[in-house]
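Bring the two chains, given one by one in their own frames, into a single complex with the hints.
If you're matching them up, the sequences are chains A and B in order. The opening residue of the first sequence carries number 585 in the numbering used here; numbering runs sequentially from there. The opening residue of the second sequence carries number 1065 in the numbering used here; numbering runs sequentially from there.
FYI, nobody ran anything at the bench for these hints, they're computed from the structure. Be aware that a few hints might be false.
As the list claims (entries may be wrong) - Straight-line C-alpha distance at most 30 angstroms; calculated BS3-like pairs for lysine-lysine: (1) A:LYS730 to B:LYS1229; (2) A:LYS616 to A:LYS644; (3) A:LYS730 to A:LYS648; (4) B:LYS1229 to A:LYS903.
As the list claims (entries may be wrong) - Non-contacting residues of chain B with respect to chain A, defined by C-beta distances greater than 12 angstroms in every case (computed): (5) LEU1070; (6) VAL1074; (7) LEU1080; (8) GLU1211; (9) GLY1223; (10) LEU1227; (11) LYS1229; (12) ARG1230; (13) ARG1233.
Virtual Cβ for every residue (Gly too), placed ideally from N, Cα, C.
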Amino acid sequence: MTPLLIAQIGLTLFVFFMLLNSAAIMVYVERKVAAFLQQRLGPYLVGPKGLLQPLADVIKLMFKEELRPKAADWFLFALAPIISASCAFAAFAVVPFGAETTFFGLLSEPIKLQVADVNVAVLVIFAIASMSVYGIVLAGWSSNSKYSLLGGLRSSAQMISYELSYGTALASVLVVGNSLSLTDIVNGQSGYWFHVIPRWFIFLQPLGFLIYLTAGVAETNRAPFDFPEAEQELVAGYHTEYSSMSFAMFFLAEYINMVTVSAVATDLFLGGWHGPLLPESLGWIWFLIKVGALLFFYVWMRWTLPRYRYDQLMTFGWKILLPLAVVNLLATAAGVLYFGV
Amino acid sequence: MTLFYLFGAVAVIASLLVIAQRNPIYSVLLLIASFGALSGLYVLLDAPFVAVTQIIVYAGAIMVLFLFVVMLLNAPHEETEHDEKIHPLRRPGAMRFGAVLAAALVVELLWALTRSSGEPGAFGATAVSSVRELGRVLFTEYAFPFEVTSVLILVAMVGAVVLAKRDPRAHT
Chain A
585 MTPLLIAQIG LTLFVFFMLL NSAAIMVYVE RKVAAFLQQR LGPYLVGPKG LLQPLADVIK
645 LMFKEELRPK AADWFLFALA PIISASCAFA AFAVVPFGAE TTFFGLLSEP IKLQVADVNV
705 AVLVIFAIAS MSVYGIVLAG WSSNSKYSLL GGLRSSAQMI SYELSYGTAL ASVLVVGNSL
765 SLTDIVNGQS GYWFHVIPRW FIFLQPLGFL IYLTAGVAET NRAPFDFPEA EQELVAGYHT
825 EYSSMSFAMF FLAEYINMVT VSAVATDLFL GGWHGPLLPE SLGWIWFLIK VGALLFFYVW
885 MRWTLPRYRY DQLMTFGWKI LLPLAVVNLL ATAAGVLYFG V
Chain B
1065 MTLFYLFGAV AVIASLLVIA QRNPIYSVLL LIASFGALSG LYVLLDAPFV AVTQIIVYAG
1125 AIMVLFLFVV MLLNAPHEET EHDEKIHPLR RPGAMRFGAV LAAALVVELL WALTRSSGEP
1185 GAFGATAVSS VRELGRVLFT EYAFPFEVTS VLILVAMVGA VVLAKRDPRA HT
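So that you can see chain B by itself, here it is in the shape it has in the complex (with noise of 0.2 angstroms):
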């Protein structure tokens, strides 16, 4: 229990930090800490594979990716700063929808979190800790969502390229 509360305060703290940054490579890698300490709750949960699989996907490969785009930008502070100056209520619409959707977040999360928490589902602790079992479940019972996941990243991906390869020319 007292490996919970060391790895969940770590999470929570780390998080809260990322936001409380101003200087984004911090954001970014207190946030790989968070993720760390994810990863240690789901060892804690006997779930090794989930927690191993965190940390290649998460803090390994996407979170380097962050890292790569903030040193390419070298952006060394927030661009909100002057706009922080101005009066709540005459910020750019970009901040101000940013706050309805936290508090949109946040009412959420209460309501999710003051639910009856019901019996855990079939799909227990035993069955995430056996990589045969995951796998077998995953490309049978729920090969549908899976695939479609899959598709999705392909249209991010595609939808980035094409962002990117863009003739600016080509509007004027």
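Only chain A is shown next, with the shape it has when bound in the complex (with noise of 0.2 angstroms):
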């Protein structure tokens, strides 16, 4: 084996391992965020401030006895969890995170920060994101109960609206990167406009970046869009029926999703690993602000906004959100071809 081949397969478990810290890392602090929001101090007895808490759920997630209902299809119902939490993983797969970097000359030649760099790299999130809904629907249907059906059939109805926008949005990017591939675009985002302004996407997409992340928000289930699972109408949602380290896998993948999907805003749209005082080997360091803050803003609005109703939630998604992105998409083509940026 050669050294750039074992570089590769430790970088491949590394980021397979950062996604699970991540997971459990978003956890910890979205029950301190949310308890700072709600004027509480959240968990503070495991271990120092608390911070040993997600290890302690695991814990007690691992000794639950794990139910199954009488008329569940047995199958599909292992199933769902499964290719709920393998979806996640598989996404991050084609997201970079950094520069060419030797390892400050450890290899001969420098490896990508990505573990696959496909050049069609937008497109594959974009196909393993609909392929997420299955691991919902099918958790729903398989459980033979009306309030996982109701969750699945409103998870699966929302993800199609909203993949729409969704897509609509990573189009228009697309169109001014000019590249399917993300390490493309990511270096695309390098430099300044007079000196001062980062060349992000951000400020040629401004509305297409606020579509990508409602979109977003809708994509991964979260609040105020988290109709699925809505406590006070369905208990629980998809995954009422779900115990122990099945209903981990759901939460484990929604969190990770949330990683994936502020990890691709970060590339598309505020220049990835591109940042002002570092250098470019530690651009990852950047790469970690801006997915924090992505996940910061995501904690902070599902404490603060109520859930829309499901009536207004198709409105906003059918007659508001995609006439938007398709706006936004053509005016973006006819910029690009008329100034050609």
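Here you go:
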């Protein structure tokens, strides 16, 4: 085995491990931020400042009994959380999170900080996002419970509706970036306008960024669009009947999807690992800061905004967001043709 | 070549199981598996764009709608079960018509497969792997079929809305 291959395998395992970790960190951050927004303390007993709370949660979940409804379709009931979790992990494989590096001269040639450099990366993310609907839909159907079924149906309707705006917002960035590869798009955002404003696509695509963010929240089923699991109406939606580790897998998938959506937004709109002050080789620090800021925004929004009504969600998605996204795409294409950005 | 046989086998077996299943939900899922294997074959053909589009359009968008409908109807079994106990010649017209169509398909497939395959056209693998080239060809050379297809889909959509919104009292 060449050192390069070992480095690549190591990188893959590292990404996998860090994604698992990020879910644990996000659980802690979510609980802490929620507590502060509601003037509580949040978890503080397990470990210093409650930092070991996610670990305690995991242990608790592992020792819970694995329940299965009698009338459930056992095969699909077991398969659904696996689909959800593996789609969540798979999507991050094509996301670059740093410039090419030799690890301070350890390797003979630089490797990309990315698991797989696919030249249609943006579409791969989109494809995997569209596959992850199945996890939720099948969970809802196979549980054989009316709340689960309603949650599953809602989620498929919601994800199909918002996928269109999501894809159209992505497409307008592709037009500006003139590439389907995430690495190329990030590299197109290096440098500055007038030596001050960074050349991030958010300044060219402010509307596209907002549409992407909104549709991203809907795609990850987070509040204020958390209809598939609306507690007050559907108990817990599609995962009502799940317990123990299969429930944990849905939980994990939700947080990893959040991380992936934020990471993709960082790559597409916020210049990826490009930023002032730090050298290129430490660009991943900028990447982490930007992803962290977006994730905080997600949590902040969840505890600030109440849930919409279901018909409001559909009206907003089809009658406001999608036309806006289409107009944005047309305007972008016209602008690129006219000015030749 | 191993990968080709792997994906090919998955695609063929999954497709066969689609029609062998009693439960429509499993049929839908197996069809998705078959589409996934097809997409793998496209990757082997050096056409990642087509592969990903296959997943997005067929496995992602269209099959979700199929699943949606099957779930809403909540049909655990096909409705043909009691028909299968009848003598083949006395089954309902739709089934006999289906058999005729299936036979026609088999004949067509045999005809197509036994023909000597000529050289692949100018639109080779390198052209398909480049998104830019694909877009250019689609909007110049194949612009007419492309636009006609979109009109066809529009017609189907309008038809579906008309059928769904039709007032049943209007006919009586």
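Okay, the hints, checked on the actual structure:
The suggested pairing of LYS730 of chain A with LYS1229 of chain B holds, with an alpha-carbon distance near 27 angstroms, which does not exceed 30 angstroms. Taken as a hint, the LYS616 of chain A and LYS644 of chain A pair is honoured in the structure, with Cα atoms around 19 angstroms apart against an allowance of 30 angstroms. Between LYS730 of chain A and LYS648 of chain A, the direct Cα distance comes to roughly 24 angstroms. Compliance with the 30 angstroms bound is thereby established for this hinted pair. Of the pairs offered as hints, the one joining LYS1229 of chain B and LYS903 of chain A holds, with about 20 angstroms between alpha carbons and a cut-off of 30 angstroms not exceeded.
The beta carbon of LEU1070 of chain B sits about 19 angstroms from the closest Cβ of chain A, which is more than 12 angstroms, so the claim that it is off the interface holds. The Cβ of VAL1074 of chain B sits about 16 angstroms from the closest Cβ of chain A, beyond the 12 angstroms cut-off, so the non-interface label holds. For LEU1080 of chain B, the requirement that its beta carbon stay farther than 12 angstroms from each beta carbon of chain A is met, with the minimum near 19 angstroms. For GLU1211 of chain B, the non-interface assignment is confirmed: its Cβ lies about 18 angstroms from the closest Cβ of chain A, beyond the 12 angstroms cut-off.
With a minimum CB-CB distance of about 20 angstroms to chain A, GLY1223 of chain B clears the 12 angstroms threshold, and the non-interface call stands. A cut-off of 12 angstroms between C-beta atoms confirms that LEU1227 of chain B is not in contact with chain A; the least separation is 20 angstroms. Every CB of chain A lies more than 12 angstroms from the CB of LYS1229 of chain B, the least distance being 17 angstroms, so the non-interface label holds. With a closest Cβ-Cβ approach of about 23 angstroms to chain A, ARG1230 of chain B is found to remain outside the 12 angstroms limit, as its non-interface label requires.
With 12 angstroms as the threshold on Cβ separation, the claim that ARG1233 of chain B sits away from chain A holds: the shortest Cβ distance comes to roughly 27 angstroms.
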